[in-house]
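Protein chains: 2
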Amino acid sequence: LVLQTDSTSSLSRNLREKTLTLDTLNPQVKAVEYAVRGPIVIKAGEIERYLEEGGTKPFSEVIKANIGDAHAMGQKPITFLRQVVALCTFPELMDSPSFPEDAKRRARRILQGCGGHSLGSYSASPGVECIRKDIAAYIEQRDEGVPSDWENIYLTTGASDGIMTILRLLVSGKDSSRTGVMIPIPQYPLYSAAISEMDAVQVNYYLDEDNCWALDINELHRSYQAAKQHCQPRVICIINPGNPTGQVQSKKCIEEVLHFAYEENLFVMSDEVYQDNVYAPDCQFHSFKKVLYEMGPEYFNSVELVSFHSTSKGYTGECGFRGGYMEVINMDPEVKAQLVKLLSVRLCPPLAGQAAMDVIVNPPQPEEHTFKQFHQEKSSVLGALAEKAKLTEKILNAVPGIKCNPVQGAMYAFPRIFIPPKAVEEAKALGMQPDMLYCLRLLEETGICVVPGSGFGQKDGTYHFRMTILPSIEKLKVLLGKVRDFHIGFLKEYSGLE
Amino acid sequence: LVLQTDSTSSLSRNLREKTLTLDTLNPQVKAVEYAVRGPIVIKAGEIERYLEEGGTKPFSEVIKANIGDAHAMGQKPITFLRQVVALCTFPELMDSPSFPEDAKRRARRILQGCGGHSLGSYSASPGVECIRKDIAAYIEQRDEGVPSDWENIYLTTGASDGIMTILRLLVSGKDSSRTGVMIPIPQYPLYSAAISEMDAVQVNYYLDEDNCWALDINELHRSYQAAKQHCQPRVICIINPGNPTGQVQSKKCIEEVLHFAYEENLFVMSDEVYQDNVYAPDCQFHSFKKVLYEMGPEYFNSVELVSFHSTSKGYTGECGFRGGYMEVINMDPEVKAQLVKLLSVRLCPPLAGQAAMDVIVNPPQPEEHTFKQFHQEKSSVLGALAEKAKLTEKILNAVPGIKCNPVQGAMYAFPRIFIPPKAVEEAKALGMQPDMLYCLRLLEETGICVVPGSGFGQKDGTYHFRMTILPSIEKLKVLLGKVRDFHIGFLKEYSGLE
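Chains as they are written, first to last, in our numbering: chain U, 161 to 658; chain G, 161 to 658.
Just to be clear, a hint being listed does not mean it is correct.
Any copy, or any two copies together, can satisfy a pair, since identical chains are not distinguished.
Simulated crosslink set (DSS-like; lysine-lysine; CA at most 25 Å straight-line) [what the hints assert, rightly or not]:
1. K190 / K412
2. K178 / K496
3. K642 / K217
4. K388 / K178
5. K178 / K532
6. K388 / K334
7. K190 / K334
8. K501 / K203
The hints are simulated quantities; they were obtained by calculation from the structure and are not laboratory data.
As the structure is a computational prediction, the values presented were derived from the model and not from experiment.
Generate the whole structure from the sequences, applying the supplied hints.
Put into structure tokens, the structure is as follows:
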């Protein structure tokens, strides 16, 4: 304890040593990086405030294409989903003739499953029982009859919560430096952030950019063997459809991954939050679970697999509800009991998010009155996304020095950008990644906020950025036009061609 | 990898070694205990199912007095709160004449603060800006003018989330065995669970049962000095009003704690989720922050303090919304940036919970039309709780072998129970805590589910249980009568007086 006696008031704030400083902070927290809301986004917020306060820039608004936040980009909620959640929130609306009977039926059923028939009570820690049952039924239907046991379903606070919880089971603080977690590169930075926070070993396997970001089984073997020299890889994470890379995995590729996991005794975490976001006509979503089933009982009864889903993506885009679930296959029953115990410390996932998840897995059926509007809204969102995926790829690929793989699924383009050596040097002199320099310049000059590829990981010497395809078609065209003009100017400036 | 070749189907499930077993599970997860949803509650669930399936017991229903889950015990939601959240969820209701203008105004303001004016978008990681501002204004009013800066307010997913996050900053995996976390005993087991999960050192300070569970400053010193022999205590956690102990701290006592924290350079975590739950006429809630302010600028500008609040308790009891906030005082600005980064990995707290929190800090005012109903509902809940607090204390203290301190605040009674030596021996032979044996017997014989004191911590050789005072008065009377009869029978049985 250091107590100085300086009496000036500006200094008196710093009289006493702080208990918690950057030096004494948990170094694992310090090591965490999360680019999707990182420095570039903080900068974007500053510029937004500057504009609001009457400041001038070469643009009138900041367009945040940094995060898969559909409603923030103007996507409208699915009416039926909101009707059900509103009915659950304020059951007096059950008497209102303006709410459809289909929605009331679902709301009544959800409330029946809640303590005191209220969304305000805690649910069981794995979630409301009838919602877990609806999810299991949905998975069985999605997977054309592959059995799903509702007791394997755990509601979560968004998919992120589930992913962190499962990693927590696998990584021990004391042995963390021995636990290898295999993740794709590029990856969604929740994974690297969780690995940093838990001080585990990040084991990179690189997706094949030259092959539409496909997962190459030989690369998995290489990565695994290399990692075994210094740690024990215990778990492999896959994101399908890919974030930030937008690829949709083929069935054959999934089989290879599962066979590999089986052979090497790896726990499989399959991030399938974009399962409803497939746009390329020649692509189809295959769940890891269904593929595992089709590989036969030797696989289906042994590989430990957790699959994650969310209310935040798909056609609903309900990020703010923090809804999600995970299905846990072949987990040791004693470990499952430990999982339930760990979940119970945080009591339960938010009930409104659980209700939203229920609507997604139990949507209006063709024979219901609400089907037409629901179907129309759903198709409209997914149709527009497919169009924007195509448009983004096309416009970006027409720019010299930009190469963009097809956006087969998910919500992002992850184009490769050529950055001239002079710009690379300048960035290094500034102590920043070259694509961070690029994205900062893009933001300052156009108001467009995208995330540097370095925040997701990329092969050395390659540069990318991630942008969402969520803005409206009109806005997206403007955005892409500005990116094109900026890029051409950037190339000119740093290639000395001005 | 062990692959056996036995072909019987029941064995084939276990052919392959699991990657994740109780032996390979993160031992810190294994060490976690959370009694509030522990073995006794799992047993209660089993009995409930047994009754539902037509089984018979000496009782017709299980009464879950194990958890502070007000709505599950029949408490009705505050109408105004639900109106605002429903309006935010389904803004088409803005046109409905059956929703009051006061609620619409608040909902409109909240939605203005949301991306795309939708509850479905992510908020900034610390929460919606206007809600943070409302919270700061509320705190200033509560604390009679002590300034509150909205940028110090962070919305959370229930208070638990905030408490875990702050501990995460303070405890490093690598140095965890050197970080001491001071907690009261008895405590709310979230604290011990978090400490186990992070592998930190739990430093117990005992509340004084003989003095209405007051916090004794001498005991703080004793505890701290003892802990310093083997670790570095960095943080002190206080729960006021107390959970499970129900005491309300005096202003003098809070001053002593803050002075102690100042002297020993401890980070202060003040769990104030029961701040609206004070029943004893001679008690009053004093916030740690206000007391710190009144101690003068030397204290107010230096002691690092985080205070937690929640939508789950008070008079609203909205547990399922997972709403809450923390106010962070004197945190190093660099550490605050790290906190925001850590929060951003989980994106944001649920928006419906944030909206619910907003209503709690910005309720109807006397000049508003909705005030009368709101005030009536609020008073009715708090009045009933006060009555039940008194009733519980009175009935329990009339039972020989039970001694219950006054329930000055919060939602629980934590009576001391005499357990005869023969029962203690029997429990030990069964490998369980004597109060676990007691509570299991109580559950099996009466259907009443309470939590053994051992789950919260207690002085060696003393036994307690925690029960909520949430059941309706009629049900509570029945419950307490059954506890009395059970206890008398238990004493008789084990004292050989039958």
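Evaluation of the provided hints:
Taking CA atoms no more than 25 Å apart as the test, K190 paired with K412 passes in neither setting, with 40 Å inside one copy and 38 Å between copies. For the identical chains of this complex, K178 and K496 are inter-copy neighbours only, at 13 Å across copies versus 41 Å inside a copy, given an alpha-carbon limit of 25 Å. With identical chains, the CA atoms of K642 and K217 are at most 25 Å apart within one copy only, with a shortest distance of 14 Å there and 73 Å across copies. In the homo-oligomer, the alpha carbons of K388 and K178 lie at most 25 Å apart only across protomers (19 Å), although the nearest pairing inside one protomer, at 42 Å, exceeds that limit.
In this assembly of identical chains, K178 and K532 lie within 25 Å of each other by CA distance neither inside one copy nor across copies; the values are 61 Å within and 47 Å between. In this homomeric assembly, K388 and K334 come within 25 Å of each other (Cα to Cα) both inside a single copy, at 19 Å, and across copies, at 22 Å. In this homomeric assembly, K190 and K334 come within 25 Å of each other (Cα to Cα) both inside a single copy, at 18 Å, and across copies, at 13 Å. In this homomeric assembly, K501 and K203 come within 25 Å of each other (Cα to Cα) only across copies, at 14 Å, whereas the closest approach inside a single copy is 40 Å.
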